[in-house]
Structures are given as structure tokens and as C-alpha cells.
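K.L.:
Here is how the chains run, residue by residue.
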Amino acid sequence: MTENTTGQVLPTPSHTVGPFYGYALPFPEGEQVAPKGHPDQITLHGYVLDGEGKPIPDAILEFWQAAPDGSLKGAPGSLRRNPVTGGYLGRNGTDFTGFGRVATDADGHYALYTLPPGNAGLPYISVCVFARGLLHHLYTRAYLADGADPLLDSLPDGRRATLVAQPGERRTYRFDIRLQGEGETVFLEFP
Amino acid sequence: MTLTQSDIDVEINDAQNAYDKAVAGGAPVQHHPPRDYAPYRSSVLRHPKQPLVAVNSGDPETVELSGPVFGPTDITEIDNDLTVQHQGEPLGERITVSGRLLDREGRPVRGQLIELWQANASGRYAHLRDQHPAPLDPNFTGVGRTLTDDQGRYFFRTIKPGAYPWRNHTNAWRPAHIHFSMFGTAFTQRLVTQMYFPNDPLFPYDPILRSVTDESARNRLVAQYNHDLSQPEFSLGYEWDIVLDGPSATWIEEGR
Ligand SMILES: [Fe+3]
Numbered sequence: 001m002t003e004n005t006t007g008q009v010l011p012t013p014s015h016t017v018g019p020f021y022g023y024a025l026p027f028p029e030g031e032q033v034a035p036k037g038h039p040d041q042i043t044l045h046g047y048v049l050d051g052e053g054k055p056i057p058d059a060i061l062e063f064w065q066a067a068p069d070g071s072l073k074g075a076p077g078s079l080r081r082n083p084v085t086g087g088y089l090g091r092n093g094t095d096f097t098g099f100g101r102v103a104t105d106a107d108g109h110y111a112l113y114t115l116p117p118g119n120a121g122l123p124y125i126s127v128c129v130f131a132r133g134l135l136h137h138l139y140t141r142a143y144l145a146d147g148a149d150p151l152l153d154s155l156p157d158g159r160r161a162t163l164v165a166q167p168g169e170r171r172t173y174r175f176d177i178r179l180q181g182e183g184e185t186v187f188l189e190f191p
Numbered sequence: 001m002t003l004t005q006s007d008i009d010v011e012i013n014d015a016q017n018a019y020d021k022a023v024a025g026g027a028p029v030q031h032h033p034p035r036d037y038a039p040y041r042s043s044v045l046r047h048p049k050q051p052l053v054a055v056n057s058g059d060p061e062t063v064e065l066s067g068p069v070f071g072p073t074d075i076t077e078i079d080n081d082l083t084v085q086h087q088g089e090p091l092g093e094r095i096t097v098s099g100r101l102l103d104r105e106g107r108p109v110r111g112q113l114i115e116l117w118q119a120n121a122s123g124r125y126a127h128l129r130d131q132h133p134a135p136l137d138p139n140f141t142g143v144g145r146t147l148t149d150d151q152g153r154y155f156f157r158t159i160k161p162g163a164y165p166w167r168n169h170t171n172a173w174r175p176a177h178i179h180f181s182m183f184g185t186a187f188t189q190r191l192v193t194q195m196y197f198p199n200d201p202l203f204p205y206d207p208i209l210r211s212v213t214d215e216s217a218r219n220r221l222v223a224q225y226n227h228d229l230s231q232p233e234f235s236l237g238y239e240w241d242i243v244l245d246g247p248s249a250t251w252i253e254e255g256r
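So the protein lines, in turn, are chains Z and W. Heads up: the first sequence at position 124 corresponds to 124 in the working numbering, and the numbers run straight through without jumps. Heads up: the second sequence at position 128 corresponds to 128 in the working numbering, and the numbers run straight through without jumps.
Watch out, some of these pointers could steer you wrong.
[Said to hold, decoys possible] Per the computed footprint, the stretches of chain Z lying under chain W, defined by three or more beta-carbons under 8 angstroms from a beta-carbon of chain W, are:
(1) 19 to 25
(2) 64 to 78
(3) 113 to 126
(4) 135 to 149
(5) 177 to 188
[Stated by the list, open to error] Computed, partial: chain W to chain Z, Cβ under 7 angstroms:
(6) Arg46
(7) Pro68
(8) Thr76
(9) Thr146
(10) Leu147
(11) Gln194
(12) Ser211
(13) Asp245
Since the hints were derived computationally from the structure, they do not count as laboratory data. All C-beta atoms in this analysis are idealised placements derived from N, C-alpha and C, irrespective of residue type, glycine included.
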């Protein structure tokens, strides 16, 4: 490990998740952040697309959000394991962990079942994108409403819409992620 | 047209020279690979062309400055020993991999989830889409997870993975590596990367490793052999510290 002149240590470089994470990272109920059957459940879903507009079938998305009461404390138990069989038990059905992980399917589609985030300001779900070919993950946000917001207001009109999920029937929100090209999603950095 | 290793070598060297020249001219050191790195062909249509938009991370209400938490329910006791997850012993060279998970201030990151996955000793993943004609090992899956301890330490026992071919270009081979996934105290500290083994002759040819154009950053992806971690008559030891990048709310609380 190397220290630089300011006493900070230098970061470990990122690498691509590669094509073969599929038997390691996804877990049952990764997409079911809301306790099953919860009446307030919402669905965030969409496609992940490449620079030619083709769906990406080997992306994996992670989601992090505030609980409905605004808490950012999260909770353990997203990938609760079974100490007897070594398999997954699934979430405990009551705690809200705020964390979801979903691999895209063969059509490049994902769906996340969660509760409305109660963060200050406009509600949003933070999204982290991994894929083969992506050497360093990408952050974006799925806003569940439009309105005054320091980040959205800083964007040119044409790009703002890429961060606002479109409400549909039965409490669904459509949020496509375009990695490149026309309608390219706004990706974020946190300096 | 078939793309050969020497075609890729030219591109790798051009990118390397351009980076070295820029740094010599005063440009900042890049710790991470660029997202658009043409020698790694899969990156061509999968990187954004617009610059990233900076979020004011001085605001403690920024959701990404906190992150998911994990606990003892998220792992089982043998999840960090990849050699005991089946009825029999896996084939290959037993190793231990251990080190510390740190933030940019060098402080331990405690109680956080580390996941790893890897090919078996023959260079084959237990993944249906991996059709490399090397044998699967019924006693090895190649997936592990653990939580870091109070010193930020982690420990895995596994098998040294084999190199494997891939289709980036003709005769493309990945140096032996273990995939790692880490969480910090903030979502902004998320890291997925790969750990390599010292002195692998495939390093210069691999567009994925070479995408990290800064040589000292590249060296930080290579574990060190540590004889004290080797266990007599049993396994060889490798040490690898991991440093998470990115801000977290704790930095703000401490007036950073
Ligand atoms: Fe690999």
C-alpha cells in the first residue's frame, strides 16, 4: 500500500465485473426490497442499453435508498443465508434494508420491488451499474418525481429527463439506462 | 479481420505512452481505468461519452454518502473457505488470501461485506456460459464472502485459479485473478475489482489489467506472497490490502 504526500493512501483501481459474476453476485430476492405483500410497494423497472440502443443482457444493477421514514441507516439481511444448507434464506420479511441487487435478463430488462424513498427533497433511488465492458462502475439516480432539485436543476433540459422515472399503471416507474449515445443517461461522480 | 495479439499490443502501448507523456507534462495521476479503453473491445459501446456530472458531496443528506449494511445473517461461517463447500477436496494449489480493507485516510473499514468469485485451478468458471474446454471441478464452485473484522481484516481460503482464454482477440488469455466486490460505509465507496498473483507472465498482454495505465496503480492490484501467511504442509499465503475510493459521511463529520 502506498501513501501519498498528504497522508492519504492510494485507492485500489476498479476493474470490470466481467461476464461470469452470475453465479456469485445475484441472490434470491435481491430485487424484493419491499417486504413481500406490502401495500405501498412500487416497481422500478426498465432496460439497460448500449451505444447502439441494444439491450445489455449481462449488466448487474445495485440500488440504495432511504427508508420511507427518511432513515439512511439501512439494515442487515439483504442476502440472508441459511446456516444449515449454506443456501439463501431470503429477506426476513419485516426489515427494510434499503439495498437491492438485480441482474438484467436476456432482454436487458430489470425490475426492482421496493418502498417509496423518504429522503429529504425529491424522492430518488441511487443506482450503481456494473457490466462486462464497463471498466469502472457508473452511478446514476432514478428520481420518482420531477421538481426543484439542485442536481436536476444543474442539467441542460435535454438531459434532465434521463434521471426522471416515468410513472405508469399500478405504481410502476419506468427508468431506462442508456450507457452511450442518443439519450445517454446522466452519470454522476462524488468528488 | 482477425485481431491478433500484436494488433492489441500496439493499441495498449499507444495508450500507455499517451498516459505516461501526459503525466510527465503535469496531468493528474489516474488511479482508475478509463471507461473507454479500446483494446478491451467490450468497452467500446458501453462507456458514456458525456462527462460525469459532479454531485455536491458536502451535503450530508446526499443519499449516496451512506450505504447498505450487512451483518452475521448475511454470511455463513464457512463462506470464506472455498475448499470446504463440497463433499470432497477441490483440485489445485491451496492458498489463503488475507489483508485489510481501508478508506482513503488509511482507516480500517469494519464489518463490511467482501464477496469474491473465481475460476477453478484449470481456469474454468462454474458458469454455464463459460464454455472453455477445461474441466469443471465438482468440489469447487469458486464463490465466497466474508465480513471484515474490527481491524478491517479479511481472510479467505481457496484454490489458486488458472489462467483462461477469452475472445477479445486471437490468443487472448487472462492472467490468473480473483474477482472481488467490496462495500464501504458509503455507496460512493463501492468497489468491484480483480486481484492478481505476483510475476504472472501474462500481465503485459492483458488489456483489462493494462487498462489501468498508471503503473503504480496497476501494481496495487497484485497480491504479495507472504511466507508468514503460508501454513505448513497445507497452503501458500498471499496478502492484499484494498483501499476504497470516494467520500463518505464520516469524512464530512470530521470536517473534511
Ligand atoms: Fe475472470
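K.L.:
Flag every earlier hint the structure violates by its number, smallest first.
P.N.:
9 and 10
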